[in-house]
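Enquirer: Sequence:
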Amino acid sequence: MINNKTSFLTNNIPFSSLFISYISFFIVELEMFLQQKLLCMMLPVIFYFFLGN
Numbered sequence: 001m002i003n004n005k006t007s008f009l010t011n012n013i014p015f016s017s018l019f020i021s022y023i024s025f026f027i028v029e030l031e032m033f034l035q036q037k038l039l040c041m042m043l044p045v046i047f048y049f050f051l052g053n
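Residue numbering for the sequence shown follows the numbering used here, beginning at 1 and increasing consecutively.
By construction, these hints were calculated from the structure, which means they are not laboratory data.
Treat the hints with care, as some may be off.
[Stated by the list, open to error] For each label pair, taking beta carbons as the anchor points, the in silico distance ranges come out as: (1) I46 <-> I23: 32 to 38 Å; (2) S21 <-> M42: 29 to 35 Å; (3) M41 <-> P14: 37 to 43 Å; (4) L18 <-> F50: 46 to 52 Å; (5) F15 <-> F47: 46 to 52 Å; (6) S17 <-> F49: 33 to 39 Å; (7) S21 <-> L43: 29 to 35 Å; (8) G52 <-> M32: 26 to 32 Å; (9) F15 <-> L38: 31 to 37 Å; (10) L51 <-> F25: 38 to 44 Å; (11) G52 <-> I27: 33 to 39 Å; (12) F19 <-> F50: 44 to 50 Å; (13) V28 <-> F50: 47 to 53 Å.
Nothing here was measured: the structure is a model prediction, and the numbers come from that model.
We treat Cβ as the ideally placed atom computed from N, Cα and C, and that holds for glycine.
Whole structure, please, built from the sequences with the hints as guidance.
Expert: And the structure:
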């Protein structure tokens, strides 16, 4: 019973680590995408602010 449980855990470790790395990669990509989008949205505002003055 115990041996079966440990083998089940060891069999699922690669999948879970792969899943965690995939999620972290996705979060980083999403963060970079949102930063680029925010930058693209902020640039016209900054230009308008400088041109207004």
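Enquirer: All hints, please: hold or fail.
Expert: Against the structure, the hints come out as follows:
Between I46 and I23 the C-beta distance comes to about 34 Å, which sits within the given range of 32 to 38 Å. In this structure the hint that S21 and M42 lie 29 to 35 Å apart at CB holds, the actual value being about 31 Å. For M41 paired with P14, a C-beta distance near 40 Å keeps the hint of 37 to 43 Å intact. The beta-carbon spacing between L18 and F50, approximately 47 Å, falls within the hinted interval of 46 to 52 Å.
For F15 and F47, the Cβ-Cβ distance of about 48 Å falls inside the hinted range of 46 to 52 Å, so the restraint holds. Taking the beta carbon of each, S17 and F49 are about 47 Å apart, not inside 33 to 39 Å as hinted. Our hint of 29 to 35 Å for S21 and L43 holds, since their Cβ atoms are close to 33 Å apart. Checked against the hint of 26 to 32 Å, the pair G52 and M32 passes, with Cβ atoms roughly 30 Å apart.
For F15 and L38, the Cβ-Cβ distance of about 34 Å falls inside the hinted range of 31 to 37 Å, so the restraint holds. As the Cβ distance of L51 to F25 is approximately 39 Å, the hint placing it in 38 to 44 Å holds. In this structure the hint that G52 and I27 lie 33 to 39 Å apart at CB holds, the actual value being about 37 Å. For the pair F19 and F50, the beta carbons lie near 46 Å from each other, so the given range of 44 to 50 Å is met.
At about 32 Å, the beta-carbon gap between V28 and F50 misses the expected band of 47 to 53 Å.
Hint compliance for this structure: hints 6 and 13 are not met, and every other hint is.
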